[in-house]
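Participant: Sequence:
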Amino acid sequence: MPIMPVTRDVNSVIYKFGMDNGSVTYKGRGKVPGMPLNQYAMDEQDGYFRIATTKGDMWRNDEFTSKNNIYVLNDSMNIAGKIEDLAPGERIYSVRFMGDRAYMVTYKKTDPLFVLDLKDPQAPKLLGQLKIPGYSDYLHPYDENHLIGFGKDAVEVPNKGVNGALPDTTAFYQGMKLALFDVSDVEHPKEMFKETIGDRGTDSEPLHNPKALLFSKEKNLLAFPVTVAEVKNKESLSGPEAASAYGEFVFQGAYVYGLDLAKGFQSRGKISHLTGEDMQKAGRQWYNSERNINRSLYIGDTLYTSSPGWLKANDLAALKETGSLESPPWTPQSK
Numbered sequence: 051m052p053i054m055p056v057t058r059d060v061n062s063v064i065y066k067f068g069m070d071n072g073s074v075t076y077k078g079r080g081k082v083p084g085m086p087l088n089q090y091a092m093d094e095q096d097g098y099f100r101i102a103t104t105k106g107d108m109w110r111n112d113e114f115t116s117k118n119n120i121y122v123l124n125d126s127m128n129i130a131g132k133i134e135d136l137a138p139g140e141r142i143y144s145v146r147f148m149g150d151r152a153y154m155v156t157y158k159k160t161d162p163l164f165v166l167d168l169k170d171p172q173a174p175k176l177l178g179q180l181k182i183p184g185y186s187d188y189l190h191p192y193d194e195n196h197l198i199g200f201g202k203d204a205v206e207v208p209n210k211g212v213n214g215a216l217p218d219t220t221a222f223y224q225g226m227k228l229a230l231f232d233v234s235d236v237e238h239p240k241e242m243f244k245e246t247i248g249d250r251g252t253d254s255e256p257l258h259n260p261k262a263l264l265f266s267k268e269k270n271l272l273a274f275p276v277t278v279a280e281v282k283n284k285e286s287l288s289g290p291e292a293a294s295a296y297g298e299f300v301f302q303g304a305y306v307y308g309l310d311l312a313k314g315f316q317s318r319g320k321i322s323h324l325t326g327e328d329m330q331k332a333g334r335q336w337y338n339s340e341r342n343i344n345r346s347l348y349i350g351d352t353l354y355t356s357s358p359g360w361l362k363a364n365d366l367a368a369l370k371e372t373g374s375l376e377s378p379p380w381t382p383q384s385k
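Numbering (my numbering), first residue to last: 51 to 385.
Just so you know, not all the hints are guaranteed correct.
Derived lysine to any residue pairs resembling SDA-like cross-links, with alpha carbons at most 25 Å apart [stated by the list, open to error]:
1. Lys331 - Ser288
2. Lys240 - Asp150
3. Lys181 - Lys331
Beta-carbon label-pair distances, calculated as ranges [as the list claims (entries may be wrong)]:
4. Asn61 - Gly97: 17 to 27 Å
5. Gly72 - Lys181: 26 to 36 Å
6. Glu376 - Ile349: 12 to 22 Å
7. Asp125 - Met329: 50 to 60 Å
8. Arg79 - Thr372: 49 to 59 Å
9. Thr246 - Pro191: 41 to 51 Å
10. Gly78 - Lys169: 21 to 31 Å
Source of the hints: derived by calculation from the structure; they are not laboratory data.
Positions of the beta carbon are idealized from the N, C-alpha and C atoms, including for glycine.
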């Protein structure tokens with residue numbers, strides 16, 4: 051007797067509550083196939099709840115392979131409209147709802163950016179898509195027609211195939227990637243500018259927690275913490291060896307950029323709290339120092355960066371340090 055593939059149907063249940071002057075009432079619930087990625091995969095507008103989900107497994111190549119969906123639920127939490135089965139074999143890496151549109155990035159080997167029209171809740175539709183190397187873990191609005199993508203670059207390399215499998219390609223993520231997308235032509239979105247930081251092993255907190263990102267269009271300011279890794283003697287490597295090589299730790303701190311639609315990403319400098327002694331202790335691998343920057347903010351013309359152990363102030367124009375303050379060690383308060 052043949053063994054049939056078995057998979058578990060995963061659904062997401064959404065509960066609706068009303069809140070009025072401190073009183074909470076249950077309003078109903080809805081159910082959709084698949085699972086959302088995070089809070090950015092859910093949104094409400096004009097009484098409709100929108101949610102993006104992935105259902106299935108990326109590693110399968112049968113009817114149970116992963117598929118990505120958008121569902122629109124009405125006031126009664128019933129499905130009013132949907133788009134299903136986008137990018138089979140991939141999963142959602144980031145979603146952003148902006149008014150009557152949704153933007154969704156899926157990934158396995160390339161980064162398809164989907165532009166979705168949600169103006170008619172009962173008939174959402176796919177407007178356009180863009181396929182480029184890499185992926186975006188987080189999408190942040192620049193303005194109504196432009197998005198900033200934060201993620202990883204990627205390269206494809208051939209593999210020979212094993213156990214009877216046909217030759218194919220494998221994708222390896224690389225350094226951190228910043229991208230500015232133009233979605234003014236919804237049927238033909240395009241990548242206007244890109245910036246790559248470091249090599250494989252580079253990481254940044256905004257990829258996991260967008261609250262670590264500082265962006266001001268008015269001040270032409272983009273800043274975020276990043277841990278940078280670089281591959282030594284990279285020119286001596288090639289093919290899969292180069293694509294899969296992890297870099298060595300070289301920097302932890304804040305990268306500061308200017309960003310506009312004419313010039314794209316313009317590096318304004320870097321700020322670090324690490325000392326030379328900290329760098330020696332780190333060696334080739336990053337370590338959890340009290341001087342690792344995790345947040346930044348500006349007040350007036352001063353940019354502040356904070357780590358668990360320090361607060362530093364830099365002039366916003368030239369990034370020259372103007373002051374610093376060591377944070378007292380945290381001690382638990384007695385009851």
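Participant: Are Gly78 and Lys169 spaced within 21 to 31 Å by their CB atoms?
Facilitator: Holds - the Cβ-Cβ distance for Gly78 and Lys169, about 25 Å, lies within 21 to 31 Å.
Participant: Just to be sure I understand the hint, the distance between the Cβ atoms of Asn61 and Gly97 should be within 17 to 27 Å; is that true here?
Facilitator: holds (23 Å)
Participant: Using the beta carbons of Thr246 and Pro191, state whether their distance is inside 41 to 51 Å or not.
Facilitator: violated (22 Å)
Participant: Between Glu376 and Ile349, does the C-beta distance stay in 12 to 22 Å?
Facilitator: For Ile349 against Glu376, whose Cβ atoms are near 20 Å apart, the range 12 to 22 Å holds.
Participant: Should the hint that Gly72 and Lys181 are 26 to 36 Å apart at their CB atoms be regarded as holding?
Facilitator: violated (49 Å)
Participant: Mind checking the hinted window 50 to 60 Å against the Cβ distance between Asp125 and Met329?
Facilitator: Between Asp125 and Met329, where Cβ atoms are some 57 Å apart, the hint holds.
Participant: Verify the proposed pairing of Lys181 with Lys331, using a straight-line Cα cut of 25 Å.
Facilitator: violated (41 Å)
Participant: CA of Lys240 to CA of Asp150, is that 25 Å or under?
Facilitator: Holds. Lys240 to Asp150 sits at ~19 Å (cutoff 25 Å).
Participant: Tell me if the straight-line CA distance from Lys331 to Ser288 falls inside 25 Å.
Facilitator: violated (31 Å)
Participant: In this structure, is the beta-carbon distance linking Arg79 and Thr372 contained in 49 to 59 Å?
Facilitator: Check passed, 54 Å falls within 49 to 59 Å.
In the structure shown, a violation is registered for the earlier hints numbered 1, 3, 5 and 9, in ascending order.
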